[in-house]
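So the chains spell out like this:
Protein chains: 2
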Amino acid sequence: MTGRDGGADIGPLGDFDPVVILVRPQLAENIGTTARAMANGGLFHLRIVAPRDGWPQERAWYASSGADRILDAAQVFETVDDAVADLHRIFATCPRPRHVVKPVMTARGAAAELRVASTRGLRTGILFGPERAGLDNEDMARADTLVRYPLNPKFMSLNLAQAVLIMAYEWFLTEDMTPPRELMTNETHVATKGEMENFMSHLIRDLDETNFLRNEQKRPGMVRNLRHFFTRGEVTEQELRTLHGVVSELSSARRNRS
Amino acid sequence: MTGRDGGADIGPLGDFDPVVILVRPQLAENIGTTARAMANGGLFHLRIVAPRDGWPQERAWYASSGADRILDAAQVFETVDDAVADLHRIFATCPRPRHVVKPVMTARGAAAELRVASTRGLRTGILFGPERAGLDNEDMARADTLVRYPLNPKFMSLNLAQAVLIMAYEWFLTEDMTPPRELMTNETHVATKGEMENFMSHLIRDLDETNFLRNEQKRPGMVRNLRHFFTRGEVTEQELRTLHGVVSELSSARRNRS
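Residue numbers (full-length UniProt numbering), protein chains in the order written: chain A, 1 to 258; chain B, 1 to 258.
It should be emphasised that the hints constitute simulated quantities derived from the structure, not laboratory data. Certain hints may be false.
Identical chains blur together in the list; that is why a pair holds if it fits in one copy or across any two.
[Unchecked claim] Straight-line distance between alpha carbons at most 16 Å, and here's what the computed EDC-like set of lysine to aspartate or glutamate pairs gives: (1) K154 x D9; (2) K218 x E78; (3) K102 x E237; (4) K193 x E175.
With the sequences and hints as input, model every part of the structure.
Written out as structure tokens, the structure is:
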């Protein structure tokens with residue numbers, strides 16, 4: 001599985017990761033951009049059935065933005081039957097299936113099933129049809145399951161690489177543990193409540209000095225509002241140091257004026 | 001919001017749907033393919049900040065595969081500040097943020113927040129940087145939240161339209177109710193258990209006739225195995241009629257031979 005030209009390392013190859021199968025693709029550029037989309041999602045096995053212009057095609061490598069290893073290792077077959085013979089389960093992407101009795105899954109649902117099959121040691125494949133025409137009825141009859149992406153029903157048209165990207169992205173997400181939200185803090189850390197309180201004391205002390213909080217009746221509410229503002233989101237220790245500096249600087253400027 | 005040339009209807013415009021903001025895009029083609037990706041996911045508001053080659057550019061319409069109305073209604077601004085001035089919340093896509101203290105969300109997490117903001121009546125925007133360079137530090141300082149897609153860390157590079165497609169797809173999914181799996185049956189319907197039992201009786205009767213089930217000890221297990229096979233997935237009423245025909249045909253061929 002090493003590239004014939006030793007392309008860059010683009011991630012680990014899983015033996016039971018799904019095989020992307022391009023059926024009768026027309027343009028070599030689209031095979032290249034497909035390889036790029038596969039690499040984005042960590043899919044590395046590419047098979048090509050009856051490419052219109054033959055194979056290999058230099059333009060594919062040019063269009064792949066560095067996903068050479070996928071193209072180097074791509075296998076070419078004459079028929080869909082040949083391309084799927086050693087696989088256990090086949091999905092077929094199909095935007096508008098008609099007149100077929102077949103389970104249809106969303107991309108997300110299919111990705112989950114592909115992951116389950118992979119951990120069971122089953123080899124899976126995903127068929128993508130040729131540009132414009134899509135898969136024909138014979139191709140679809142070879143698939144266990146169709147995949148239809150939920151997309152704007154009035155504007156479903158995706159190009160080949162985009163269709164592959166959505167599946168590759170969903171495949172990657174099935175094992176991704178990134179929290180939906182985190183605070184990027186780099187070299188600093190999220191401030192503790194003590195560090196925040198330290199800053200609040202500094203701020204309130206300086207505001208008391210200016211008589212900004214002189215209305216005794218309103219004072220508790222005003223202090224509370226400031227606390228609410230400063231606790232709306234996480235704050236880093238470094239940002240608190242900057243805020244200490246801002247308060248000190250404004251205070252000393254005022255003192256110098258008076 | 002109607003197109004200047006009355007482009008095709010590509011779906012409803014939501015007043016509080018996110019605005020896609022392309023910052024200093026270079027190629028008009030990429031603005032066109034961005035519009036296409038937006039239409040795929042039902043995003044219709046496009047703003048363009050300082051497009052390198054000016055605006056409008058005919059090549060954008062050519063590349064948009066019919067998403068004309070988005071391009072017709074696109075607004076052009078000189079600065080990011082101008083482009084976001086009337087919005088309430090800004091997300092910035094950024095594959096490898098460095099040296100910033102900022103919340104970072106996944107595309108899915110950000111889409112959920114965009115939907116929540118939309119239902120609250122807040123106007124949101126998503127910044128996408130120029131090809132290659134991406135957003136600069138000043139652009140990112142204008143955003144409330146960064147968005148980083150979970151993708152193969154060894155191969156993150158997406159083109160502009162693909163980056164927009166992932167956000168548009170996730171936006172569409174926040175309101176999509178498609179079940180992860182369903183059986184497409186078209187004009188027929190899923191068989192009832194009674195219809196299945198009817199077929200099983202036919203099959204077993206004909207097998208009994210051939211003496212295929214003559215071993216009395218093994219007979220119950222063999223019948224059970226056949227039942228297991230025929231109940232592995234949903235079957236339609238039409239398929240059962242075909243199977244009835246297959247059994248009858250094989251039986252009568254055998255009878256004719258003997």
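Evaluation of the provided hints:
With identical chains, the CA atoms of K154 and D9 are at most 16 Å apart between copies only, with a shortest distance of 8 Å across copies and 40 Å within one. Neither within a single protomer nor between protomers do K218 and E78 lie at most 16 Å apart by alpha-carbon distance, with minima of 82 Å and 44 Å respectively. With identical chains, the CA atoms of K102 and E237 are at most 16 Å apart between copies only, with a shortest distance of 13 Å across copies and 57 Å within one. Taking identical chains as interchangeable, the C-alpha atoms of K193 and E175 are never at most 16 Å apart, the minima being 34 Å within one chain and 38 Å between chains.
When held up to the earlier numbered hints, the structure conflicts with 2, 4 and fits the remainder.
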